Amino acid sequence: MIATAVCLLAPPALAVLGSFKPANMLYDADPLPVRPTLANYRVAITDFPIGQLIGSTFVVAAGVMTLQLAVATLAAYAIVRFRTRAGNLLLLGGTAAILVPAQALLVPQFLMISHLGWLNSYTGLIVPQLSGAGVALVLLRQHVRDIPASLIEAAVLDGASSWRTLRHVVLPLLRPALAAVGTLVFINTWNEYLWPLIATPGGSPGTIQTGLALFLNAEGANPGPLLAAATVSALPVLIGYLFTARRVTGAFMHSGIG
Amino acid sequence: MSERARHWPYLAPLLAALLIWVYGPLAGTVVLSFLRWNLTSGPAAFAGLANYRALPLSLAIALWKRPGRAASGYRCLLFIPLVLAPVATAISWQFALNPLQGIVHTMSAAVGVPAPNLLGDPRTALWIIDLITSGKMIALNILLFGAALGAIDPCALEAARIEGATETQVTWHVVIPQVRRTIAALGMLTAVYGGQWSFTSIAVLTQGGPLNSTDNIYYLIYTYGFTYFDIGRAAAASAGTSP
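Read top to bottom, the protein sequences are chains A and B. For the first sequence, the positions run 0 to 257 when numbering that gives the first Met the number 0 is used. For the second sequence, the positions run 0 to 242 when numbering that gives the first Met the number 0 is used.
Simulated from the structure, these hints should not be mistaken for lab results. Do not take every clue at face value.
[What the hints assert, rightly or not] Covered stretches of chain A (in silico footprint by chain B; criterion: 3 or more residues with CB under 8 Å from a CB of chain B, positions within the stretch not fixed): (1) 6-13; (2) 85-94; (3) 99-111; (4) 130-143; (5) 178-192.
Since this is a predicted model, take the numbers as computed values, not measurements. Ideal Cβ placement from N, Cα and C applies to all residues, glycine included.
Please build the complete structure, drawing on both the sequences and the hints.
Written out as structure tokens, the structure is:
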């Protein structure tokens, strides 16, 4: 068990430690930075629009998260509440969509957004990533199903419309699940490399992953600042994950997958 | 509005999203692939996949049988590869494996052998890509196995132990039969995701090289479509990936 963890986590750990080393000591045998310095971070911030990249990646990740949660919550509610054949078919279609590899959709999606004039825009970065909404649907449907039917029936007896029941009964109970699934979608979008690479051939609005890859090509010979930039790019997600780890695992525990 | 029609406002947004952004493009891929389908003349495409399944299952069972602080801390650590930005991960591996200066160089120097160029050698490059991808796979599998194991009634284990079953017997005869469906489902998920998730590592670290040794079908689609701008051929390769 420990060997697995060491083997998989050693390179990232070395990279974080290395980012604090001065350039001439970067490859010293001692993995710890003996004379820690922030010089690499200074270079990374001045040579590399890291603040701007983090800002635009945040917009994209938040946009994808909001859209996916919205469409998946509405559908999950209707599937559980009305139990119609259309709902079941949609659940099946959403589950099957999880298995379709993103690369299989790449070419037509690219042609679509270029016809729509969405290349190099936030719209083009965000809207096509709705294709990942299947996971959110499967996870949220399970949580909606866990809500006691008596609560919903009580609201219906009180004369509440289906929309009011959703807003005032289902949504408040669903909040922890929405937070967990939202975190998952946010992290996945933050880490997405392929779609931004395709959708922004002009390199703007740049996301942190494609920016980092460009920085790698430009500064390959200068690894210190590169390691610093890589550390900064991973940090927001890592911190977010550590705070929500239990909720995210909990969402899967309830998913009934398997 | 009739009771039957009332579900449409709720279902329509997701339905539209899936039709426009998943099933439409999927159909498009199939159609485009007929425009030109001499993929057979291309380089051999394969998804470099090791068998990731046995390890996460044994880890997940071990973690689940002994709950406590150490287990949850360890689980937290194992999930890090799953959430760590893939480009940053690739950069860190490149740093560690640099044959001229990295940690591999230092270690080989200490033993007195010349440092291997693990990413530059066609015989080892694919193994490195596999190793990085399996880090993520192990995390995902443990997460989902953990979910399946959580549903097992602990009383069944207690009963088996009281009757004198050894821990190995408990694992094989009580735990495994109950998660068999999950094992099958995860096998499929691993096969589907493994090739896809290696994409970033391949794009950043090797670009399919050396000598096409780390090329896989997903990277091939990308190079055909967006480096050579041969959309028909890219679509033909894509159509081959859909289960």
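**Message:** Taking 8 Å as the Cβ threshold, is the statement that the segment 85-94 of chain A is covered by chain B upheld or broken by the three-residue rule?
**Reply:** Contact hint for the segment 85-94 of chain A vs chain B: holds, 5 residues under 8 Å.
**Message:** Tell me whether the statement that chain B covers the segment 130-143 of chain A is true, taking a Cβ distance below 8 Å and needing three residues at minimum.
**Reply:** Answer holds; 4 residues pass the 8 Å Cβ test.
**Asked** Count the residues of the segment 99-111 of chain A with a beta-carbon closer than 8 Å to any beta-carbon of chain B: does the count reach three?
**Response** Result for this restraint: holds, n = 13.
**Asked** In terms of beta carbon proximity below 8 Å, does the segment 6-13 of chain A have 3 or more residues touching chain B?
**Response** That given contact holds, which follows from 7 residues of the segment 6-13 of chain A lying within Cβ reach (below 8 Å) of chain B.
**Message:** So is the segment 178-192 of chain A in contact with chain B by the C-beta rule, three or more residues under 8 Å, or is the coverage claim wrong?
**Reply:** Per the Cβ count (4), the hint holds.
Violated hints: none; the structure is consistent with every hint.
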